[in-house]
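Protein chains in written order, with our numbering: chain A, 61 to 506; chain U, 8 to 296.
Among these hints, one or two may not hold up.
Computed cross-link-like contacts, SDA-like style, restricted to lysine to any residue with a CA-CA straight-line distance of at most 25 Å [what the hints assert, rightly or not]: (1) A/Lys450 - U/Ala158; (2) A/Lys450 - U/Gly100; (3) A/Lys450 - U/Ser238; (4) A/Lys450 - U/Ala143; (5) A/Lys417 - U/Ser110; (6) A/Lys417 - U/Ser179; (7) A/Lys450 - U/Glu270; (8) A/Lys498 - U/Asn136; (9) A/Lys498 - U/Glu135; (10) A/Lys450 - U/Asn42; (11) A/Lys450 - U/Ser62; (12) A/Lys450 - U/His245; (13) A/Lys450 - U/Gly207; (14) A/Lys450 - U/Arg22; (15) A/Lys450 - U/Thr127; (16) A/Lys450 - U/Thr224; (17) A/Lys450 - U/Ile278.
No lab work stands behind these hints: they were computed from the structure.
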Amino acid sequence: MIPPQFGPEAAGALAGPQWLVSRRIAAAEQAAAGSMPTAQEEVWRYTPIGQLDLSRYTLGLQAGAPSPVSGSAQSTLSTPPHSAPPAIVVDTSNGHLCGVQFPSEAANGVSPLHHPNNAQPTTGAQPTTGVQVRVLGEGDADLAASVDVDLFAQMNAAFSVEPLLVKVPAGTDVAATVLVRHWIDADGVAVFPRLIIDAGPDSSVQVLEMYSSSDVNAFVSPVVEIRAAAASRVGYLAVQDLGPKVWHIGSQVCHVGSQAHLRASTAALGGDYARTRLDTHLSGRGATGDLISLYYGDGQQTLDFRTFQDHAAPDTSSSLLFKGAVDDSSRSVYTGMIRVRPDARGTNAHQTNRNIKLTDDAWAESVPNLEIENNEVQCSHASAVGPIDKDQLFYLQSRGVPTNTAKRLIVSGFFGEVLEQFPVSEAVPAVRTRLEAKISGLNQHE
Amino acid sequence: MTSAQTPAQTPSQSRLVIEGLQVRVGEQMVLNGINLEVASGEVHAVMGPNGSGKSTLAYAIMGKPGYEVVAGTITLVSEGSSVASHSGQSQVGQSQVDLVPLSPWERAHAGLFSTQQYPTEVPGVGLENMLEEAVAAVGGDRGSVEAQVAAEAALVGFNPDLLYRSLNVDLSGGEMKRSEAVQLGVLRPRIAILDELDSGLDVDALAAVSHRIEQATQQDNLGVLAITHFSRLLTVLHADVVHIIIGGVIRETGGPDLAAQLEETGYDPWIDKRAESPVDIHIGSELGL
């Protein structure tokens with residue numbers, strides 16, 4: 061049952077343009093009419109979804125109240141994962157927008173920090189041409205598609221307080237990285253970040269979205285919509301580094317147009333149960349999707365990925381590589397589906413999932429699937445779950461590298477292939493550092 | 008030349024002493040009582056046909072998991088300088104390190120080095136990266152590794168561009184062995200076990216790598232145990248002592264002329280000398296006879 065704090069009435073109370081309010085209420089009604097998913101459903105198999113108790117959570121601070129960005133939050137937020145090139149930075153705190161900064165290169169003059177109690181946080185300093193980064197407004201009804209892949213996407217539509225739009229006009233190459241940072245430090249809060257990346261024809265943009273929190277109980281349920289119009293080039297990297305008690309259930313829904321190239325990646329490091337569902341629709345002829353992700357579980361974490369590569373047009377390509385490691389008694393789930401529709405002749409689709417199981421107690425599930433309805437295609441899938449390669453370990457040991465160091469080198473090297481292919485390459489050193497920090501705990505429980 | 012590692016800083020006298028070594032791999036007894044001694048500065052060749060136990064000997068000396076020593080000893084005896092040992096036996100004068108209970112990396116720290124016939128690919132791990140960890144593990148200076156690698160790469164003609172590749176990934180046979188020679192040059196072991204050094208090598212690479220190894224035997228007093236199927240290797244890497252291994256035992260030991268004889272006759276004379284199969288030897292030794 062959906063508790064009353066997530067009912068239609070609560071959804072209708074959130075501020076926003078009328079079209080958004082109506083849509084929120086409709087989504088909340090839809091969610092309330094449905095039921096909680098169970099692990100008996102294939103798409104939730106192997107998950108602890110039955111343990112989710114939404115009544116433990118409430119929506120973030122009321123809209124209009126300034127978000128208190130505490131000292132620790134401030135310091136976390138103020139260490140951006142990269143220095144150059146300039147970034148357009150959007151910060152949220154407990155689900156509310158608390159700052160937008162445009163670098164001078166992206167706007168004529170730097171805009172001051174905006175607080176969510178400003179009706180239009182980013183107006184004024186927005187450049188009139190080039191990329192727009194703002195909360196959805198009055199005339200934006202057409203830009204927000206309905207995403208209802210599951211109950212949580214419906215809840216996101218109902219309770220996303222300030223849906224954020226990154227809109228790139230046709231023919232515009234955005235030099236600055238758009239950096240969206242979500243910080244959570246309120247115990248018991250439920251937040252529903254919504255990000256829409258709308259890249260016009262022949263444009264390019266790269267977006268880095270980061271999730272981090274203090275050690276709170278929280279429920280984070282983001283939805284990212286990416287629309288890459290014809291011949292556009294979009295890079296998107298999500299870095300999920302939430303605290304160990306946070307539940308994260310997110311969706312990424314991508315539509316890739318004709319001759320467009322999407323690179324979408326996730327680094328999943330934190331959370332208690334952390335799930336990302338990725339739906340990539342290659343809907344225009346010659347569309348390409350590179351889907352490259354990594355995850356590292358330790359402690360009691362469960363990291364869960366469901367991917368769908370949907371080839372709906374001819375000559376489309378998708379290349380998926382998900383690599384993960386599970387330490388301690390953590391678990392990971394990867395299930396992937398390549399679907400080639402009847403019209404999608406000339407499809408080239410690949411799916412690879414590899415997992416290193418670092419302890420006997422850790423557990424990784426890998427389930428690749430193909431559904432092909434056209435004969436003129438090239439498809440492959442590969443999946444593997446296994447311990448650290450013994451021959452690799454022996455090789456390094458025989459050169460005098462102590463066992464635990466050798467294991468760290470091998471696991472870190474295993475992820476090298478993924479990091480090399482990440483979009484938003486300037487963020488990679490920070491991701492690597494955080495990943496290395498997790499890997500350095502590898503020998504703690506032997 | 009400076010060294011990052013302590014074990015071989017000053018040329019000192021070491022001996023790898025193998026006595027009565029019996030090794031089981033799975034259910035199979037492969038080595039049935041090997042006796043062998045390799046001293047600093049010497050080059051020993053161990054030659055034998057396929058399945059005679061050559062590679063098993065190399066792996067057992069280095070301590071590869073799955074190669075179980077059921078009897079016998081492998082000892083590194085060093086004289087003239089202190090040995091960094093994890094068994095607490097280090098002392099100036101003479102030290103004896105019992106290698107059998109040690110893990111492979113501890114054996115490396117004691118002064119062993121081995122090259123594999125087909126070096127393992129380690130994706131995402133670079134040569135320098137690995138050597139820095141190996142050098143740091145014995146208290147050496149990480150910072151010295153880069154320059155040493157560059158110097159060693161030049162000595163054996165290893166393309167510097169390849170230094171930044173993952174270990175052994177997308178390398179030709181010759182490049183892999185040049186890479187191993189670079190590692191040997193940086194780590195400066197006391198004793199090197201070279202398993203089929205010449206397999207997959209072109210003539211130039213074999214000459215370059217062999218030259219570097221001979222140089223190490225002269226300058227650093229390196230002792231070498233070269234395991235090979237063919238005598239081709241010995242035309243460039245000159246052995247002082249040649250052993251013939253068949254059925255997991257050393258059948259004959261001699262000078263370089265033994266390899267020449269082998270070239271003419273093949274292994275048949277030695278196989279014929281002893282009719283009993285390795286299985287018979289296995290049973291006999293288990294009964295303690």
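Verification of the supplied hints:
no.: 1; hint: A/Lys450 - U/Ala158; result: 31 Å, violated
no.: 2; hint: A/Lys450 - U/Gly100; result: 37 Å, violated
no.: 3; hint: A/Lys450 - U/Ser238; result: 32 Å, violated
no.: 4; hint: A/Lys450 - U/Ala143; result: 23 Å, holds
no.: 5; hint: A/Lys417 - U/Ser110; result: 22 Å, holds
no.: 6; hint: A/Lys417 - U/Ser179; result: 31 Å, violated
no.: 7; hint: A/Lys450 - U/Glu270; result: 37 Å, violated
no.: 8; hint: A/Lys498 - U/Asn136; result: 19 Å, holds
no.: 9; hint: A/Lys498 - U/Glu135; result: 23 Å, holds
no.: 10; hint: A/Lys450 - U/Asn42; result: 29 Å, violated
no.: 11; hint: A/Lys450 - U/Ser62; result: 17 Å, holds
no.: 12; hint: A/Lys450 - U/His245; result: 34 Å, violated
no.: 13; hint: A/Lys450 - U/Gly207; result: 23 Å, holds
no.: 14; hint: A/Lys450 - U/Arg22; result: 29 Å, violated
no.: 15; hint: A/Lys450 - U/Thr127; result: 10 Å, holds
no.: 16; hint: A/Lys450 - U/Thr224; result: 31 Å, violated
no.: 17; hint: A/Lys450 - U/Ile278; result: 34 Å, violated
In the structure shown, a violation is registered for the earlier hints numbered 1, 2, 3, 6, 7, 10, 12, 14, 16 and 17, in ascending order.
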